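Colleague: What follows is each chain in one-letter form.
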Amino acid sequence: MRDNQLKAVHPSDLKSLLKSLGIYNSVCDNKETCFFCHNVIAEDTISAVFPFENSVCFCCGNPSCCNTLIDLESEEDDCG
Amino acid sequence: MDKLMGAITDFLVLYGGWGIVAIMIILVLFFGDRLFTSVERFWAVFRHLSSFTFKRYTSTRLSNQILHATKSIGSIDNDILPYRVKIKWVKSEKTDSFLKSGQIIVKISDDDDINKSFVLAITEYVRQGLIRSVKRHLRDEPLVQAIDLCTVGKVLSQAYIESLSYFEKSFLNDLLKNDEHFLKHFELLRKIDYNGLYLPVFLNELSKSLRRYDGRYFIEDFEKEAKAFLGYLVGFCSDKHKKLNYNGKYIHISFGLIANSSFIFKHGRDAYVEKVRASLSRGAQTVYLFGWEDKIKTVKQIAERTARTDLRIKKVRIHYYRHVFEDHSTARAICAELSTIENENLREPDLL
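Sequences listed follow chains A and B, in order. Just so we're aligned, residue 1 is where the first sequence starts under this note's numbering, counting upward by one. Just so we're aligned, residue 1 is where the second sequence starts under this note's numbering, counting upward by one.
Be aware that a few hints might be false.
[Claimed, not checked] Here are some, though not all, of the chain A residues that point toward chain B, as calculated from beta-carbon distances under 8 angstroms:
| hint | residue |
| --- | --- |
| 1 | Lys7 |
| 2 | Ser16 |
| 3 | Leu17 |
| 4 | Ile46 |
| 5 | Ser47 |
| 6 | Ser64 |
I should point out that these hints are in silico values taken from the structure, not numbers from a laboratory. Here the structure is a predicted model, which is why all the values come from computation and not from measurement. All C-beta atoms in this analysis are idealised placements derived from N, C-alpha and C, irrespective of residue type, glycine included.
Using the sequences and the hints, build the whole thing.
Modeller: As structure tokens, then:
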């Protein structure tokens, strides 16, 4: 049976992850928003980080945004 | 107990290190699930101590959850969900490789939102692994999403109920309310699932039928066949006078319902054996026999007897499930799959 890898980040490692992606400062300066609801995102409210059209995007903890993230993944799959 | 301990000690003295390895293998083989659950419980106690123990707990819990669910799905067909899950905890990522990977990184925190993290993780797992070879030929996005989420519901229902209720309240109900195409497909899938046809018949047949066409990148009319097959199964669940055969381009199956006690008393079990053989002669590649409660044993006997007497049958698989009737009452039920396909990896001669 093959392995399917899921990437996860613990809240204590989120800061270093954001730094490595070069977006920590913009998150701290409230410049980043949720890709779906466009609300300003903070370290606490980030639910997922994902790439989309060559940029790093965020999904907040709002269930409807998480839901749309799942939709978006299906669409990406469909497009190949 | 003393005798057992004595025998184990003798065994260890005799075989030394290899004896310990053998005992470990036996423990994992026979009590693997319980061992994994114990490991999960162990980490659960210490999960608040540090981020390391929390990560160990989360990884073990998610792997257990998926292992438990895939065990029942894998018993139907290994290709339906052929992946195990492995959590990779990331601390840093190179921007370039992150952008190219297309993979989401889920934040999993130890708070009330842990169900949200689990639902996201399991959805991602199912999306990546479920009937991959089949989904490649499906272009109807709401149908694919309905198949994925119906399976997520089944995975969650077999492991952690609190995650399931979160999934239904926060994810599924919104989609059902706002997307009528998704709703239409999901309702059909749920209907066949209540009748035990979703995993052992629908996904199983889609997966099996395509295995013979592995070489083709895209089969244009496969989606049409998949929808026609789904429509047939829904009709099979609802119609009073059921059509017992489906003879499509890629899928050829037949059903047998073992429900009529007076028929069995009058004609005996062999009458059903003959019915199965007649279905095979008419071109069915797989025959599914269904029965519930006191008929479970009869279904097994008929399946075994048919397999013994008819050499066309290469494989018999038994699937147990809970049948949900129209009035929402439930019953223990069985689905016996009698397949004539010997080597499922063999491609159709005309495609080689």
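Colleague: All hints are to be evaluated individually against the structure, with a verdict given for each.
Modeller: Structure-based check of all given hints:
1. Because the smallest distance between the Cβ of Lys7/A and any Cβ of chain B comes to about 5 angstroms, under 8 angstroms, the interface hint for this residue holds.
2. A distance limit of 8 angstroms between C-beta atoms decides the matter here; for Ser16/A the minimum to chain B is near 5 angstroms, and the interface restraint holds.
3. Here the hint on Leu17/A is kept, as its CB sits about 6 angstroms from the closest CB of chain B, short of 8 angstroms.
4. The interface hint given for Ile46/A holds, since its Cβ lies 6 angstroms from the closest Cβ of chain B, which is under the 8 angstroms cut-off.
5. For Ser47/A, the interface hint holds, since its Cβ comes within 8 angstroms of a Cβ in chain B; the closest pair sits about 6 angstroms apart.
6. With 8 angstroms as the threshold, the beta carbon of Ser64/A comes within range of chain B, its nearest partner Cβ sitting at about 6 angstroms, so the hint holds.
Hint compliance for this structure: no hint is broken.
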